[in-house]
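Chains as they are written, first to last, in my numbering: chain L, 429 to 542; chain H, 27 to 137.
Check before you lean on any hint, since a few could be wrong.
Heads up, simulated DSSO-like pairs for lysine-lysine below, C-alpha to C-alpha not over 27 Å straight-line [unchecked claim]:
1) L/Lys470 to L/Lys507
2) L/Lys496 to L/Lys507
3) L/Lys496 to L/Lys470
4) L/Lys487 to L/Lys507
5) H/Lys52 to L/Lys485
6) L/Lys470 to H/Lys52
7) L/Lys487 to H/Lys39
8) L/Lys470 to H/Lys39
9) L/Lys485 to L/Lys507
10) L/Lys470 to L/Lys491
11) L/Lys485 to L/Lys470
12) L/Lys487 to L/Lys470
The hints are simulated quantities; they were obtained by calculation from the structure and are not laboratory data. Note that the coordinates shown come from a computational prediction; the quantities given were computed from them, not determined experimentally.
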Amino acid sequence: EDQVTQSPEALRLQEGESSSLNCSYTVSGLRGLFWYRQDPGKGPEFLFTLYSAGEEKEKERLKATLTKKESFLHITAPKPEDSATYLCAVQANAGGTSYGKLTFGQGTILTVHP
Amino acid sequence: DAGVTQSPTHLIKTRGQQVTLRCSPKSGHDTVSWYQQALGQGPQFIFQYYEEEERQRGNFPDRFSGHQFPNYSSELNVNALLLGDSALYLCASSLRNAPLHFGNGTRLTVT
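In isolation and in its complexed conformation, chain H is listed as follows:
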């Protein structure tokens, strides 16, 4: 049974560029959340998708946007990248309010 899968695993972008990260949830899960984890810190909530709609959002600017597809997979888009956007981006899935299951993340480096 495949868990949460994220792609790519690593990514290097230049300041000002745009990036798209992808996530496939664990089989049977219908809710996807995205978190940003800076080095040495705990994950910070970006937003959560359920039934293809953004249901809750953390304190992140509009440069961060997302999408959930009918098959429950999800994308995270970040526009106008800043150096401070360098972090590990984690996708987590769950069935409604059950505990989150995390993927291994995408390491984004902005130069």
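So here's chain L without its partners, still in its complex pose:
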């Protein structure tokens, strides 16, 4: 069974204090690893997809990296508007079909104080 574990559960940072969120996963053949951001009362907002170990993606102050067992979301010089829950999810290879559920972790609640 596919599993995703995120750590820490909650992270409090001062504005400008860089840090990383961790996503450890086990999956029967990785098709893709996804990062989403979720604001209170809203649905998850897509950030990145990573497909193979060694791949990196960047968007503004966020950088996602992938190894064979985990992914990191690095946040450089965060601002209060980066406060949100960050969700990691994996999609397994589905025997060549295009259909594949996402298995999510429980999320990391990030709070950035001014």
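Given chain L's structure and the hints, the job is docking chain H onto it.
Positioned in the frame of chain L, the structure of chain H alone reads:
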């Protein structure tokens, strides 16, 4: 360009009742998935529809059923509601295997 829209936004039902939630996918998307998100947890996959057929299903009982219409919109039906069904129900759409785009969900409260 409208994203994924869900209705209603909030719903209160009594234990044992039935509920129908609705979803319109993002323009151009043909695949719809439904997820249940309990408070403080990540979303859990319920099922996925493509070409009006259920293609994949998560570990949810038969009380949870769905439908996809020719215009790609979808419904989620839950029968015999339990207190534990209280959650945020998220609809997500995609074009085949592209990243999912989520709506803002329907908050279901069962009393």
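Practice task
Verify the proposed pairing of L/Lys485 with L/Lys470, using a straight-line Cα cut of 27 Å.
Solution key: Given pair L/Lys485, L/Lys470 holds - Cα atoms ~24 Å apart, limit 27 Å.
Exercise for the section: Measure nothing beyond the straight line between the CA atoms of L/Lys470 and L/Lys507; if it is 27 Å or shorter, mark the hint as holding. Expected result: 20 Å, holds
Handout entry: Pairwise hint evaluation, L/Lys485 against H/Lys52, where the allowed Cα distance is 27 Å at most
Key = 24 Å, holds
Problem - 27 Å limit on alpha-carbon distance, applied to hinted pair L/Lys496 and L/Lys470 - result: 31 Å, violated
Exercise for the section: Could you grab the alpha-carbon distance between L/Lys485 and L/Lys507 and see if it respects the 27 Å cut-off? Expected result: 20 Å, holds
Exercise for the section: Assess, step by step, whether the Cα of L/Lys470 is no farther than 27 Å from the Cα of L/Lys491, and give holds or violated. Expected result: 23 Å, holds
Problem - Given hint L/Lys507 paired with L/Lys496 - CA-CA distance at most 27 Å - result: 30 Å, violated
Handout entry: Satisfaction of hint between H/Lys39 and L/Lys470, Cα-Cα up to 27 Å
Key = 21 Å, holds
Problem - Restraint check for L/Lys487 with L/Lys507, where alpha carbons must lie at most 27 Å apart - result: Holds, at roughly 14 Å.
Exercise for the section: With a cut-off of 27 Å on the C-alpha distance, tell me whether L/Lys487 and H/Lys39 pass. Expected result: Answer violated: L/Lys487 to H/Lys39 is near 41 Å, above 27 Å.
Practice task
Starting from L/Lys470, check that the Cα of H/Lys52 is at most 27 Å away, please.
Solution key: 16 Å, holds
Exercise for the section: Could you grab the alpha-carbon distance between L/Lys487 and L/Lys470 and see if it respects the 27 Å cut-off? Expected result: With Cα atoms ~21 Å apart, L/Lys487 and L/Lys470 stay inside 27 Å; holds.
Going down the numbered hints, you'll see the structure goes against 2, 3 and 7, while the others check out.
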